[in-house]
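Participant: One letter stands for each residue in the lines below.
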Amino acid sequence: MLADEVVDCHVLVIGSGGAGVRAAIEASQYGDTVLISKTIVGKGGCTTMAEGGFNAVLREQDSCGIHYEDTLKGGAYLNDPELVNILTKEAPLRMGDLVKWGAVFDFTDADEIAQRPFGGQRFPRTCYAGDRTGHEMMMTLVDRLAATDVTTLQEYTVIDLLRDGDTVTGAIALDEKGTIVLMKADSTVLATGGGTKVYDISTNSSSGTGDGYAMGYRAGAELIDMEMVQFHPTGAVFPYDARGRLVTEAVRGEGGVLKNSQGERFMKTYDPARMELSTRDVVARAIATEILKGRGTQNGGVHLDVTHLPREQIESRLPVMLEQFLKFGVDIRTAPMEVAPTAHHIMGGLRITPECRTTLPGLFACGEVSGGVHGANRLGGNALAETQVFGKRAGEAAGKAGKRQKTADERQVDTWQKRLDGFLTGSMNPAQVRKKLQLAMWQGAGIFRNAGALEETLQTIRQLQTVNLKAASARNLAECCIVQNMCLTASLICRSALLRTESRGAHVRTDITATHDAEYSPFGHTFVSNAREGIETREVKA
Amino acid sequence: MKELTVTVRRFDPDVDKEPRFVTYTVRVSEGARVLNVLHAIHDSIDPTLSYRYSCASGQCGSCAVRVNGEPVLACMEEAKDRITIEPLNLAVKKDLITDLVPRLDQIASLLPKTEVVLPKKADIDAIKPLKDCIECLCCVSACPAVDVTKFLGPTAMRQEMRLALDPRDSGDRILDAVRDGLFTCTTCQACWKVCPKKIETPAKAIEKLRAHANRRGFTLPRHKEVAAMVKETGRSIPRTSESFLEKVGDVIEPDGPVKATVGLFIGCVYNLRQQQSALDAMEVLKRNGIRVIIPKEQVCCGSPLIRTGQLAYVDELKQRNIETFTSRGIDTVLTMCAGCGTTLKHDYQTPFTVIDINELLTQYGIEAPAKLPIKATYHDPCHLMRGQDIHDQPRELIRQVVDLVEMPSICCGSGGGVRAGNPDEAAALGKRRGEEIKKTGAEIVITSCPFCEFHIAGHTDKPVKNIATVLLEGYREKDRKTAAGKD
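Line order of the protein sequences matches chains A and B.
Just so we're aligned: the first sequence equals residues 1 to 542 in this note's numbering.
Just so we're aligned: the second sequence equals residues 1001 to 1487 in this note's numbering.
The set of hints was computed from the structure by calculation and includes no laboratory data.
Where a beta carbon is used, it is the ideal one built from N, C-alpha and C, also for glycine.
Just so you know, not all the hints are guaranteed correct.
Unchecked claim - Heads up, incomplete: computed chain A residues facing chain B, CB under 8 angstroms, no partners named:
1) W101
2) Q465
3) N468
4) A472
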């Protein structure tokens, strides 16, 4: 049977973070566009939580070439060079769009957009709006979206991509009451963001559950480098429920220093040249090592200290940090923060072309759900830029794509209806499955990995995937679908981590001794799809 | 881990006719927020509990709820035992989920000009304080005007002001703000007191927009009349009988030893309409060792002009008033009117300390009055409780003379020029106050602001008394008993 409710459009954009809204704005110039979102547009996703900034080359002393080199080096040369080239060249243009549309970025006394230094970059090129940069971008994008004729479906959960053979023809969604809605589209853009909610300790919003990776995989798309999970060096550690909450890199950009429990600025032993502003993979491992070696604080972190900075600088440049820590009883103007690594960003994702085409006809991807831009480690400030550069590209390519016969596979809808009915008579609380998954991933697929632990985690996930989930009411159906997506995404991370038999960027295999520097690695992307999996090899530079 | 018992308002439109309150006991970690309590209920007791959240770090504004009546972000508010969690005061979709989208859609968007204009740093600096808003709608939930008028609410006004400051925007934000209820705001300050980002919308947006509106000629006729009167007479209300300043001497000496000397800033309403309340206050001060100097050339504080955006004459008023007290070497100025007090404290830069009568009396302590066998409720004047953070002091005084029953602290509708400019709205809010008063079963209503005193009196059948009057009644009863004892 087909669902009663069917929405038909030219471009369907799934996800309402920075990439999704940017894609919808662009696509609306070419035809009927529908933006479907699990949350309220502007409130969900991770863009609105992004604090630090947006990398864009704006000054004569800087150049796109340097930004390109920084990004490749930071990404341990696993990035797709063409995507990086596009990112660095178009980031300034997309920054210009935002400013034209009303974004309130911080300005210098010379009436230019201000830029701050961020890790792994040779020029201070991170544009910012205090430490609420992503929020400012989202407010601007939502303003712009309101001026288009994009139809928004808010608080609808997409549960699967609709297929006709290999071609993606739209999506199946649930409304807030759990009723199936079919979305048919000539082109579908996945902009569902990341998925580090599969870890116990994560910076992500409630929507960082990896649904896009899972849906793309089920539809047959190929994903690359899914083992590349960025652990942000500085997440909150206290109180327990706030663990993992992002403490922005801007804190270190503004001059914050890291100290262990003995008061040592330990970065001098890990990266004496770049110190606290080394790349995130390096800083995260340094902090994790200090804690493992018993030089952590009582709450299991290290100190991040800005007390030497002028109060005014803290108040104006880091107001959100100041407010958040004050709420938890720490005045960062007079006392150090306690921080530890937290799962932050998935560098891998659906394989895309420069036009954001995935390996499936009809399906485009942009933002965190796509792979290749950041390689093995993302530079702070490149994700917000990516959302705008590739959001625009995806929207444009999807909009320009031709019309197609919009047929849906009735068996697919039937299968889903049966699966949903099954949830209503299931037995296991999805919240319990989610918690077990998150703990298993944190323990077995975290910063330091080995084949044994990864295999064990994969086993746990496979067991959780067979559990008979229970939806307490029709409104709870989406939760069951999401937990299944989390399990699938987690399994892709573990499988890819097993495929990459080297340590590179954020991916560290303690069971494998390094024999090469990243630049001379014989390996390219890992890839997984429901048809094949493996790791690309490449010619080693002399 | 610790155990908390909380009550949650549940409502499923498909099943329930009325909301119901359900009590849960959950185990949560130390430092748990309200959101963690909701997670605990959902994950281990009742998965059908519906609530909204996203970032869980105070940045997205999805999770606002009311805890014990106060709007808060569930993700930032520490959970306490025995709290009651309710949805915001907006249309409820299910349980704690309210229909935010229609309200969010009413917030204006920037419309870029056709030619590309870039802001300057000065523009950015002016706009930034209005840009921290996360559109959680706590302010809309708390706003009394939204309930009884078509006012779009505080954050919509904040956005109009933000856009008015932006050289890139092509809209007419002043016109839009006037259309969307700019003059319905009573400046009660509830919006920014509940704002998680502490955006001072009344002062930084509404009064600024009203000033722009004034320059564009949109000021309400009644407000213009008030401004004309202030300019002509130095007072915001007409003289219909002998004023307080005419009735009293230049100095009122206390009965006993002098504990403190203050200069009195009387304000227009006590001077010209509620003289008896002010005279009662003088008796109370006299009895409690306060020496009061009363300069006669003082004028209106300017509050009726500032709140309505008519700023042209305000600086002159300020200068005259400051000069009045400094020329006498007065270092502490006493206010009795909540509106004058908040104006002198926040809109003036005074070389002297400004102190409200409730602060003064509790600071120096009062002679105990006789306890009257009366059940009273207290109305918090907005410009006292929110404007000056004076909440406990009046209660401390009241409890010495009568039994106090509390009621929710909501604006009576008389402030911000609303009583003059939008009488229907003022009446609707006054009526709500009357209903709350009735619910308490109190025999009298006590307040400490002449505007509230006058306005509430029109909306309740109970006597509305100034706090000073009630204290004086306590002293008279005490004296009567003493005299009777001697007989």
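Participant: So, for every hint listed, does it hold in this structure?
Facilitator: Hints versus structure:
Among the interface hints, the one on W101/A holds; its C-beta lies about 6 angstroms from the nearest C-beta in chain B, closer than the 8 angstroms criterion. Checking Q465/A against chain B by beta carbon gives a least distance of about 20 angstroms; that is not within 8 angstroms, so the hint is violated. Using the Cβ-Cβ criterion of 8 angstroms, the hint placing N468/A at the interface with chain B is not satisfied: the shortest such distance is roughly 15 angstroms. Because the beta carbon of A472/A sits about 4 angstroms from the nearest beta carbon in chain B, less than 8 angstroms, this interface hint is met.
Consistency with the previously given hints fails for numbers 2, 3, ordered from lowest to highest.
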